[in-house]
Amino acid sequence: MNRRVAVTGATALAMALGLTACGGDSGGGSDENTLKLVAADYGDKASNASKKYWNAVAKDFEKQNKDLKVEVDVINWNEIDSKVKTMIQSGNVPDILQTGGYADKVADDLLYKADEVLSPKTRKNFIQTFAKAGEVDGDQYGIPFVSSTRNLFYNKEIFEKAGIKEPPKTWDEVADAAKKIKSSGAADTPYALPLGPEEAQGETMMWELGNGGTYTDASGKYTLDAKANVETFTWLRKNLVEPGLTYSNPASTDRKTAFADFAAGKAGMLNGHPTLIDMAKDGKVDYGVAPIPGKNGPLKSTLGVADWMMAFKDNGKQEQIKKFLDFAFSKKNMLKFDEMYNLMPVTKDTLAEMESSGKHKDLEPFFEALPNAKFYPLGDPAWDVVSAEIKKSGGNAIKENPAKVLGELQKKAEDAAANK
Amino acid sequence: MPDQAPVSPASRSRGPGGRRGAPGRRRGPAGLGPLPWIAPAVLLIFAVVIWPIVELIRTSFLNISIAGVVRGSAGFDKYSKLFDDSSFAGVLIWTVVWTLVVVSATMLISLALAQLFNQRFPGRRIARWALIAPWAASVLMTAVGFKWMLNQTAGVLNTLMLDLGLIDHSKDWLGTPGTAWPWMMVVAVFVSLPFTTYTLLAGLQTIPEDVYEAARIDGAGSWQTYTGITLPMLRPAFLVGVVINLINVFNSFPIIWAMTRGGPGSDTATTTVFMFQLKETDIAESAAMSVVNFGMVVVLVLVFLKVSGWNKEEDA
Amino acid sequence: MTTATATKPEAPSRPRRLPPPKRKFRPRTLVIAACAWLLAAVFLAPYLEMIVTALRPSDELRDRTYLPSDFEWMNFIDVWKESALADNLRVTLLVAGGATLLVLLVSLPAAYYTARMKYRGRKAFLLLVLVTQMFQPTALLVGLYRQFHQLDMLNSVWTLILTNAAFNLAFAVWILTAYIGSIPVQLEEAAMVDGLNRFGAMTRVTLPLALPGVVTAVIFTFITSWNEFVMGLTLMTEADKQPLTVGINNFIGNYTVQWNYLFAASVVAIVPVIILFAFIERHVVSGLTAGSVK
Chain C
1 MNRRVAVTGA TALAMALGLT ACGGDSGGGS DENTLKLVAA DYGDKASNAS
51 KKYWNAVAKD FEKQNKDLKV EVDVINWNEI DSKVKTMIQS GNVPDILQTG
101 GYADKVADDL LYKADEVLSP KTRKNFIQTF AKAGEVDGDQ YGIPFVSSTR
151 NLFYNKEIFE KAGIKEPPKT WDEVADAAKK IKSSGAADTP YALPLGPEEA
201 QGETMMWELG NGGTYTDASG KYTLDAKANV ETFTWLRKNL VEPGLTYSNP
251 ASTDRKTAFA DFAAGKAGML NGHPTLIDMA KDGKVDYGVA PIPGKNGPLK
301 STLGVADWMM AFKDNGKQEQ IKKFLDFAFS KKNMLKFDEM YNLMPVTKDT
351 LAEMESSGKH KDLEPFFEAL PNAKFYPLGD PAWDVVSAEI KKSGGNAIKE
401 NPAKVLGELQ KKAEDAAANK
Chain X
1001 MPDQAPVSPA SRSRGPGGRR GAPGRRRGPA GLGPLPWIAP AVLLIFAVVI
1051 WPIVELIRTS FLNISIAGVV RGSAGFDKYS KLFDDSSFAG VLIWTVVWTL
1101 VVVSATMLIS LALAQLFNQR FPGRRIARWA LIAPWAASVL MTAVGFKWML
1151 NQTAGVLNTL MLDLGLIDHS KDWLGTPGTA WPWMMVVAVF VSLPFTTYTL
1201 LAGLQTIPED VYEAARIDGA GSWQTYTGIT LPMLRPAFLV GVVINLINVF
1251 NSFPIIWAMT RGGPGSDTAT TTVFMFQLKE TDIAESAAMS VVNFGMVVVL
1301 VLVFLKVSGW NKEEDA
Chain G
2001 MTTATATKPE APSRPRRLPP PKRKFRPRTL VIAACAWLLA AVFLAPYLEM
2051 IVTALRPSDE LRDRTYLPSD FEWMNFIDVW KESALADNLR VTLLVAGGAT
2101 LLVLLVSLPA AYYTARMKYR GRKAFLLLVL VTQMFQPTAL LVGLYRQFHQ
2151 LDMLNSVWTL ILTNAAFNLA FAVWILTAYI GSIPVQLEEA AMVDGLNRFG
2201 AMTRVTLPLA LPGVVTAVIF TFITSWNEFV MGLTLMTEAD KQPLTVGINN
2251 FIGNYTVQWN YLFAASVVAI VPVIILFAFI ERHVVSGLTA GSVK
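Residue numbers (my numbering), protein chains in the order written: chain C, 1 to 420; chain X, 1001 to 1316; chain G, 2001 to 2294.
Bear in mind the hints are in silico, worked out from the structure with no lab data behind them. Think of the CB as a built atom: it goes at the ideal place given N, C-alpha and C, for glycine as much as any other residue.
For the chain G half of the interface with chain X, some residues (derived, Cβ under 8 Å), not all of them:
| no. | residue |
| --- | --- |
| 1 | Thr-2053 |
| 2 | Ala-2110 |
| 3 | Leu-2140 |
| 4 | Phe-2277 |
All chains should be modelled from the sequences, with the hints used to inform the complete structure.
This is how it looks when you write it as structure tokens:
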């Protein structure tokens, strides 16, 4: 219609495209003596930001290896997954990544195997359950970084006020205790049940384990809508939600809300992990820790969670990465990180140190649960999609029709598994 | 923006470009015509607005793994996956409801506010300034503020309603769609009011006093004056308000993202928020959602062009 | 009505509608004032609550009280140490300032030419501007991220300056075109007869008259860029390079939300803009007047 505008537009577009071409060359291919490390932020303010930790590690490492440089990029937990995804998609792959999952990257053949980037000494130092959880089809890719196990936390003061002698062991005892707390008015929220998107996959699994259910069967097929799991949600709705013994909308209540309520003395009990210890202490809550109640008795193996380190082979810096990882997994560094956030170790020497130093008495119930911990199906490349779907809509199973919600999830999980 | 769009007949005849007497032949420096004047603007638009649109459309036809690796073309698969999603229909319906409710409420309340703040009263400047606060403050921060005020445990709005006896126990307003939608709409209206009210105030300023004088002499009552004179003369400003709000509210993201993240599930998501949720599981499906979103905006634009008579404007 | 603004575009902020003084304290005025003041309070209330929360000691955040037992003023000092607030503020200032400058540089010539000249492609240009205005960055994020990665410009302040400028350009062009169009061309022609060239006529005659429009465009761009969230969130991954709106999100940690610090940082971000608005409130109306009737 109009030649001049067409010409102007074309010129602009051509210039823009020219710019891309130039940009394309400089992007991605970084200097081979610079390692790019992307890590999740475990802190919640500047004074305990993980960036501080990693900068210090990088500095020490650079002191020992004058020819190498480490570029640290620490990203908020809420954003890290989508940001890493976009990085990979646009070819801006980090050399080393520390985050929550690894198997999806194995499916795209992006990672070095653990034995390619770790010295035998470092490898042997990992606690066996975790090394095993890092395997995909028999080869270890995921390198465990920190771990935690889950237990029941309860507020002793509230329990005393409500006349509860000891922490509940079975689901029925949970409901009883919650009823007592409610009728005595000792706490706003007798049982804090967070099924919101933040951590729905964790809370769900802790409850499903109590009824002998899990996410996958022995062959690794997803069983999200198994009868036992539907029962679990039905029980929760009838016994905790409907009588008003927990949040009115668990599906949109995030774990941080539950933790904050417990740390403020406003929740009677909940499932938690070691970080809650510090929060409870800060809030001057007199808390107790017990195994998570199951339908007929406390869980024999509780949920174990590990976060992972992985090395990308895109930039081909195998030797440099190996040097850095051996350094990062030294006892000194691991201990520093674990103690900074009150998390649990994944290496034997650090565990021995933490158990024997006497400084970590409050972690003992969590250490005990470590050897028998059950994990998410971490080695399944489709797990990240499944986990994201559970986070998004799994909590809705607490509402009127668990079979339907879980059924839809199961379908999505099967699609994801077929498509990996 | 909608430059000459909501024009009154008067201005259409002598609108900026339509100045017949203006020396149209006269050129810019060096006889390059419009190029030196408008090229930078066009360039910026192409580089930062048009290019990502192209990129977006391309992405929606790719098969991208969860880790972010491109595994070749997906054809229309991502679109069918999107349309098959059990939340999709609900999201579309709510997007329309959200946009209509928020825009109409904003326009109606703004009309009243503009009328009120156009009166003379002691302290008008300070009151007007207070009205501007939600506009000056970031929408995100305002939404986070409301989320905090609605907090079940310690939110001041819960406390206030308890003390006033409006509710008998503290409620989790944002936890369930039935109450989350109304509250988010309240916040959306709240942050849209200042701009809209000011646009209407500006419109009111352009109505000459002698028109009112004439009406008064004719013995018209205040309601008659309002419907007979003020409203019709306010039409251009009102249209601008409607259009800008339609676009803003339709695209609105920070409010819902900050307050519910679209949850539980996708029960409180509009298309924009849904697109963000999909990014977590399938970036190409998310791109497909963006393209659909884009399509809806294009339709909105076309309808607007049609209604405002853009094509009749001129024929250059 | 258009002619009214066309001849005196700087006037509308001062309506010549002074009511007779005797009316001043009629009951009606009092009712109006009461309503207006009440509404003003409602509009300010959320921000006051933010300030109150910002002053709460950490252990009183979950108390059901209107006011904390005592105000923790140190929060406003600690927040600078507990976050990258200083960096965030610097980035926000750079981005808002840079984008505003860029928008002016790019939109003024385009608006001037479009208002004054009838050129081939004028309509196409206006259509392009209109379409730009209809899109908000939210809808294009995936594309934007991929593009700026290809340009290797993630985490660069320039990226946010460019993107914010581009998405605010349309509004500036619109309002400036309208405003300049309302200034009689005869003024310029007279100046040119007196020996000025077109550029001189533009800068010496038209621009000063268009100042209220320029102020409006500047304010809009500045405020929108200052408050922009989605692009900052996506295009800037490093905490110390993020703008304030994104930075405050970092108080929403993995396990806790530090509401008091979050709102202390928000107050730091919001208060300057609200105060800025207090000074330019009059211009906003006059700028919008031109925009809305043209």
